[in-house]
Amino acid sequence: MKRTHETDDFQSDASDDEVVSDDFEGDDDEDVEDDGDEDEDDDSEDEAQDGPPAKAAKLDKKLYKPPTANELNTLKEAESLFQSNLFKLQITELLTEVTLREKRHRQMETAVEKLKEVLMSLPSGSKFEISDQKWLKKSKVKVPIKQVPKITKGHFNFLAPCSVKCVGSFALGTCIKPSVHVDVLAEMPKECLQAKDFLNQRYLRKRALYLAAIATHLQTNQLIQDLKYSYHHGNHLKPILIIHVKGDSGKPVQVHLHISLPSGAFKPSRFSISQSNVRKAWFQQTEQEEAETEGSDLAATPVYNTTVLQDMMYETHTECLQHAQDDTLGVREGIMLLKVWLRQRELDKGYGCFSGFIMAMYVAHLLDCRKLHRMMSSYQVMRNTLVSLATTDWVTSPPSMCRDESDPQRPSLPTFQEHSDIVFVDPSGYLNLCCNLTHAVYRRVRHEADLAIKCLEGTEVNTFETLLLKPVPFVRKFDVCFHISEMEDVRKSVPKLQLEDSLMDHGGHYVHTCVPTLLNLMEKALGNRIHLVQPQLNACPEWGITEKAPGPESVGSLMFGLLLNPETANSIINKGPPAQAAEAREFRELWGEKSELRRFQDSSINEAVVWMTSSLISKRRQVCFKVIKHILNRHADIPSCNVHFLSHHLDSLLHLPKPKGDNSVYGTGEEEHMAIVQSIDQLSKLLHRLDGLPLSVKSVQGVSPVFRFAEVFPAMPAIPANIQTTNASTGSEFLPYPDKPAPFYVPTMTVMCKLEGSGKWPDDLEAIRRLKAAFFIQLSQALKRKDPSFFVKVAPAHLDVLKDGYVFRLKIGNMREITLAKMYTSPEGTMQSHDTEESRKLQIEYSARPKLTSALHGIQQQYNTFSGAVRLVKRWIASHMMLDYIAEEAIELVVAHCYISPAPYTAPGSPMVGFLRFLSIMSTFDWKTQPLIINLNNEFSKDDISDIQKKFTEDRSSLPLMCICTPQDRLVGHWTRERPTVPILQRLVLLAQQSLQVLQQQLQDDYINADFKTIFRPPLDVFDLVIYLKTKHLPRQHQAVDIAMATKLPTRESENTWKRLMPVVDYDPVQFYLEELRAAFGDLALFFHDKYGGATIGVVWKPRAKETRPFKVLDVGGCIVDSSTSNSDDVLLKVNMDAIIADFEVLGKGLVTHIKKMKSKM
Amino acid sequence: MAAPDQTHGAVTVQGFTVVPLKFSADKPAHCLYLKAHSVREKDSAYPQYRTLFVLNVPPYCNEDCVKQLFTPCGKIAQVYLHDKPTLTALPSTGSRYFPINITTPGFKVAYIVFKNASAVKQACKLSYDSPLVLNTPEKIVSSTGLHKWCQQYSKRRVDIKELQTEIEDYMAKFDAKQEEEKQRLKDQEGVADEEGWVTVTRVGKNKGTPRTEARKKHLTKREMKRRKEKELLNFYAFQFKETKKDQIAALRKKFEEDKQKISVMKAARKFKPY
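Heads up: the protein sequence lines correspond to chains F and X, in order. According to the working numbering, the first sequence is numbered sequentially starting from 1. According to the working numbering, the second sequence is numbered sequentially starting from 10001.
No lab work stands behind these hints: they were computed from the structure. Even for Gly, the Cβ is constructed at its ideal location relative to N, Cα and C. Some hints here could point you the wrong way.
Pair ranges (Cβ atoms, derived) [stated by the list, open to error]:
| id | chain 1 | residue 1 | chain 2 | residue 2 | range |
| --- | --- | --- | --- | --- | --- |
| 1 | X | Ala10077 | F | Ala1044 | 46 to 56 Å |
| 2 | F | His655 | X | Phe10174 | 48 to 58 Å |
| 3 | F | Gln678 | X | Lys10155 | 54 to 64 Å |
| 4 | F | Lys1032 | X | Ala10077 | 42 to 52 Å |
| 5 | F | Lys951 | X | Ser10038 | 20 to 30 Å |
| 6 | F | Gln678 | X | Glu10257 | 45 to 55 Å |
| 7 | X | Lys10241 | F | Ser958 | 36 to 46 Å |
| 8 | F | Gln678 | X | Lys10084 | 25 to 35 Å |
| 9 | X | Thr10104 | F | Ser958 | 21 to 31 Å |
Work the whole structure out from these sequences, hints included.
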């Protein structure tokens, strides 16, 4: 209960807060009781009289009653057939969520029945030439296919379909919600066809006309609510009609109308994969149509053939699937789970997708070859299918469902492979089910299956959630995304890529023609720099029946994603074969003029391509961009300016501007971190070797964020004192001066030293404090002895050392202090230890933080983008002025979580994607019901994790709001015990949701003009007051998100200057000001500020500040008598707002320019 | 008598005189609440009749400011500023380098000890209409903002010699005290008090086990272990039966727990996959 009342509150959302804070107390007990009651109803009556007090005993009785055989079975089945009981229950829940309700199913069936009747009784039309489409004019219905080039021969007459059937997932019962549609197949009567229809798209054109004719008839039908066209899986040769049939209840039923060929209309061998059925002369309209020169004209048309063939095979495929899942609930449910899995990964829609149909066929195939069994549970079906997907390679050993070897005309597997990337032959033996599937997409599917299996086998928590409930959007999956913005470029690249034949095969769709080739090209160029490259699969558009069919020009842009191989992605050189080798020619051909001969360190002379000479990490991350731009330009004539890379757009937020004339380089700060770490290593060696100390230094460990590579703007070698004044009396130290602009900020970096053990430390904290100070004096003298030029500054609690221009703050940690702080003597005289405020603080400082620092440092060693991601996140939180209200360590750990347990993704390969995933975790994680378990160094075992979860549910109410568990910190909550509070966390979640949405939108669509800093600019109207600060007194103004032209930028002084002088350290007037404000008015208001150069402080009153209160000696701070209460007996006080606002100004004298009351709040 | 009207002289609220205080003449006023200090527990630091108890001292006031404000009422002997009311005066804030009992810069309470009792009465008669003003353009008493922070920064510099001597003094005193304590315990060793009880101390021959929590835990643990070793498991038929029953119960319990988890997840609408 406590938490609600103490909540610091944004009163803007005051009412919402109430609700949520209630939530956080967890009223789940109630639900539980309800469940219990229901169960009792079917229990024996005698127990019913017991009433609530005997409840516990009753529960026990229920647990111990003799089991029935049935119950035993279900209990044991859960463990053997499913991964765990919980998993089984979750599957059941998910399935009920995605399956159609019985009632809706019936509704849809009746609607389809009605539609069937209508279709079957359509009146016949008269005969027209194909080219003559005047009969459509009246109804304004357009033909849903691109009629280029024109067809001159052949005629079309509409006859009602000879049969209308339900096929596909609805008929099989494997459809998943939402957006359920019924696939209906209308068979075009034989009479509509002519002998030569197989040639030159004539059948396809007729098919489209047939759809148009049906659309014309249905247009006026009462039963129909809406008619739309679309392409089947984005295949523009194959339009479908989407019919919204009015249902019994308001919701219309969506029907996808496909057209099929009657059996025996054409011989299947006619459409065998290597046959040529489109004539070049016709396609290119070269006039000499009559005098066909055979031979040269006969390029195979695999895509066209497959498209037609599919129309002939619908029924056999449906039968095959029907047969596979006859009476086997397990298989059917397994297929549904797999479909959910595909859909979450956005793999099941668009052109060239791995559709649910392919998946179902694969399951049928696995049943066929006995890898699956009909008796298997849904979990087993899913798991085994995924295992098969992950372990078999369709490229080297393509699956085939064709058992019948007798037909000699059937193409062989090698023939199939010659014509398509991926092969999966259907039962008829003629059709490749994966004809449109690119190699890249297939690899993605395998990769995902592999991840899924690892996830199921690993110690990961919530495997079910990661596998089936979490969406995996494209921009968050891939480390690097880029767009090709101009489709015109793609069209022009066709001749360059020598794809004319293929273009004809694809019926002129140059995008579909080029993408596979471009992908192969990129794969080849990037080699082992990447794991995956994939085009984004876009859902195919729907359009009205009176609009023209969209062609390739309607594809706005092509988006590709790269999954980087962190070890090799950034290498700046491509080493080729030796100069004389045969492959050298090929290498030169690939890279063109970029390739040059280079002599390597092992004295070999090889072909090589050097991409850049910069060693900055931020620059090296862009090597892949360069490679792709070059290769696309060279081989496909796509100009570099139309290839847009996006993942480095946030780098500017970590970049520091430099004044003119400064030649040093600053990328995104990784190098500066490295320099500091090196410097501290040297200092540590020096300290180890010091002699003449009473106790030697045993270990030196940095604890500031900079040592975890997590400081947004790491310290620079002493930023000079150009505007500071020296104090004459000290001579060697700079001091700030109130009338001058603030000196540039120089942070100190805390370093914890441990001394060798000694029994002589006193049993008194005050005495230890003195002794530590004495030790600092000795240490400073020892350092001076070693090197007189060393600049050190002694303080009672620490020692500042100036080294390489950095200021390190040495502190001594003694574990004994923690014990002493905990100790107290109980009334009976025993010594007891319990946590106190002080002991917790010491525990964090001496033990938790050093451990965390080394663990996170390890993560950075493992994943070099961690630093960038964590700093972007911090920058983002800081820019929304919230960094003071949440522990930095907590943020770092959440980001670390994205790296350690990345499932369902892989560890982020760019700072941007790390940032995106943080936002997504922040916006979706359910802190109320789950601890965030961060398995640093894999120290948790499976038991540990379940143990933690159990404890978590038991003591939820006493644990911090954000529960972050690491092996060092189980459920102690070092970092989140006090911060954040409910409203802060809520606001953070809200901001994360919004920012994520905006950023994804920018990456996806608005990538050319987007201002990526948008999400880093805080709205000021949420505050009650805004305090504006004088920029000249802001020591970090050059770090702001947007800096003014006039802002002074720090220059680096020559080494001599800083060697002699101690700069002004840790001097940030705004921080002093905030400290005073929070100490003085912390119980009345919250103060928000962006410490990285923010020039404003946002103030939000707590609800308390607006309430009146009775006069109490302990509670009069800042109050005056409320004159509106005239009753003399109970005097009420109210907060003296005006005086307090004036106090804000008084306390910040010299720093504050003005205070503005925000209108929206008054 | 709650609503202070403009016309009155001294205004009181529940025994406290309300006196407005301004940082400077042009700023809005805070209200000080004054009262003669009188409590049952007497403390020598706050002599009765001469001590004025002041509530709601604004954050920018330090001891000097308070002195400055109330000197017109009478000569001041001592000013104590605390975060909240205390019965006894806290020890002084320690040395320059090792401060203790630091007050936070919030609203404070002040105990002003005057030299004469009449000054307290004088103060309680202060008028509501004429607010006290801390800073006049001629004389700035309280330093805030940049000036203060710069001063603080310079003040933090340490004179090493001074620090060294302070530490040595303190440690000498500390050691002496420790030695004294040890001696005292030694003297007590084996000496019975008037009822004949002998206190066991940490020095001397017969020390006994230390009375700590850890020790106690260790003892109970050992006892438990010893007891467990003696117990017979799965010896009688009923024990077998019971283990089996327990297993089934455990399975059921887990099942129930999982069901609960699911219902919680369901409530959170977790199963809406898209």
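Looking back at the hints listed earlier, which ones does the structure fail to meet? 3, 5 and 8
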